[in-house]
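Under the working numbering, residues 501 to 857 are what the sequence shown spells out, in order.
Mixed in with the good hints, there may be bad ones.
Subject to a maximum C-alpha distance of 30 Å in a straight line, what follows is the list of computed DSBU-like cross-link-like pairs (lysine-lysine) [unchecked claim]: (1) K847 with K798; (2) K845 with K796; (3) K847 with K796; (4) K847 with K822; (5) K586 with K575; (6) K535 with K586; (7) K796 with K822; (8) K763 with K798; (9) K796 with K846; (10) K847 with K745; (11) K745 with K845; (12) K845 with K822; (13) K796 with K763; (14) K586 with K528; (15) K672 with K745; (16) K846 with K745; (17) K772 with K796; (18) K798 with K845; (19) K846 with K822; (20) K822 with K772; (21) K822 with K798; (22) K575 with K535; (23) K846 with K798; (24) K575 with K528; (25) K772 with K798.
Think of the hints as simulated: they come from the structure by calculation, not from any bench.
Computed from a predicted model, the values in this text were never measured in an experiment.
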Amino acid sequence: MPRHPDKYNPLTPEQQALAASCINLAYKIVNSFQKATGDRFGRDDVESEAFFILTRCAANYSPDASVGHGGKSAKFSTFAANSMTKHLFGLNWCRRQGKGRGRGGNPHYAKSGEDVEDVRFVSHDERSVWKIDAAADVEFILTTLPEDEAAVIVRRFGLQGHAAADVATTAKALRLSARRVMDLELSAVSRLREKAELPPIGAVVRSGREGSRDLPPCRHCGRPEMFVRPNGSGSINIRCRACGKYDTLDRVRADRPYAPPEKVAEVEALLKQGELSSDEIAARCGVSYALVRWTKAKLAHPDVTPPRSPEETEARVAAAFKDGGTANEIAARCGVAPCTVARVKKKLGLAVPQTCA
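Throw the hints in and build the complete structure from the sequences for me.
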């Protein structure tokens, strides 16, 4: 059976010589591509693609038709190098696009299965493989998103009683362009993913909420009206509903390292016995050393209340530095976090306290 002329075009001896002259160039381009892409592709496959383009360049090369810089005829090596580089990095672009489409590559569906799982994870969809105690927080989570992003998420992923819709249907319902819907969806999913990756995953909470980690009262007004709010920069802030002022989750974690109440009680009991060191208590209870150290400092000053303003914080820390002690002891006497002591010390130029043993 004769071969199809489009599938079999043998090279002439001159064309074979051109291709052979650029074999080393092809290997160099393959090495550069593998280094640039982090070896995401198999080397054999990349070399096959490069040599395939090299043979096509040899078959199609014409000095008169190939124009380089300044209107001069391009060398075959330049023509082949540009063609192989463009083809290989085009394959990498196609791989990224295909990976981001999901569900058969239809751009009207979710960008990827991971994004769908992120939304299910945070909203506690029953189809999610993750099980967290956040079923009652769906409405609250959506309120942490901008209004337009929340509307897109609700319709795209079938929340709040809506059926899951594609990009075209969502765009028509919200009177937006498809491009705008896709941008809003990516932005919202990124926010939700950032929140989902933060350690206290059940901590989309409010002060005193049962069944979740309690947040301390507001450091400014003293009311238990704190709630978690994402700030869009990879972390989250805590805001008071009463006075509207913000606090950072890092400060709350430092003020009171989290552990189940029974673990905290066990640590307190062992500390009161005084028979074990802090390291041994942490190992026996399965908690962090920071929790043991902070609990120990708190037991020494159980009646201290947190300061309600930055000025009061600085005044307390400055006064405590005069009495001396370790950073944790000063923090416990002032009702602040050790990191707050370090910040105030740096700001006011106070004497460095001795380190905690």
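The hints, checked one at a time:
1. K847 with K798: Satisfied, since the Cα-Cα distance of roughly 25 Å is no more than 30 Å.
2. K845 with K796: The hint holds at about 22 Å.
3. K847 with K796: Distance ~27 Å between K847 and K796 Cα, so the pair holds.
4. K847 with K822: holds (16 Å)
5. K586 with K575: holds (17 Å)
6. K535 with K586: holds (16 Å)
7. K796 with K822: holds (22 Å)
8. K763 with K798: holds (15 Å)
9. K796 with K846: Holds. K796 to K846 sits at ~25 Å (cutoff 30 Å).
10. K847 with K745: Between K847 and K745 the Cα gap is close to 22 Å, so the pair holds against 30 Å.
11. K745 with K845: With Cα atoms ~24 Å apart, K745 and K845 stay inside 30 Å; holds.
12. K845 with K822: holds (12 Å)
13. K796 with K763: holds (14 Å)
14. K586 with K528: Answer holds: K586 to K528 is near 14 Å, not above 30 Å.
15. K672 with K745: This hinted pair is violated, its Cα atoms lying about 38 Å apart.
16. K846 with K745: holds (24 Å)
17. K772 with K796: Roughly 9 Å separates the two Cα atoms, so the pair holds.
18. K798 with K845: holds (21 Å)
19. K846 with K822: holds (15 Å)
20. K822 with K772: Holds, at roughly 28 Å.
21. K822 with K798: holds (20 Å)
22. K575 with K535: holds (26 Å)
23. K846 with K798: holds (24 Å)
24. K575 with K528: holds (17 Å)
25. K772 with K798: holds (12 Å)
Hint violations for this structure: number 15 only, all remaining hints satisfied.
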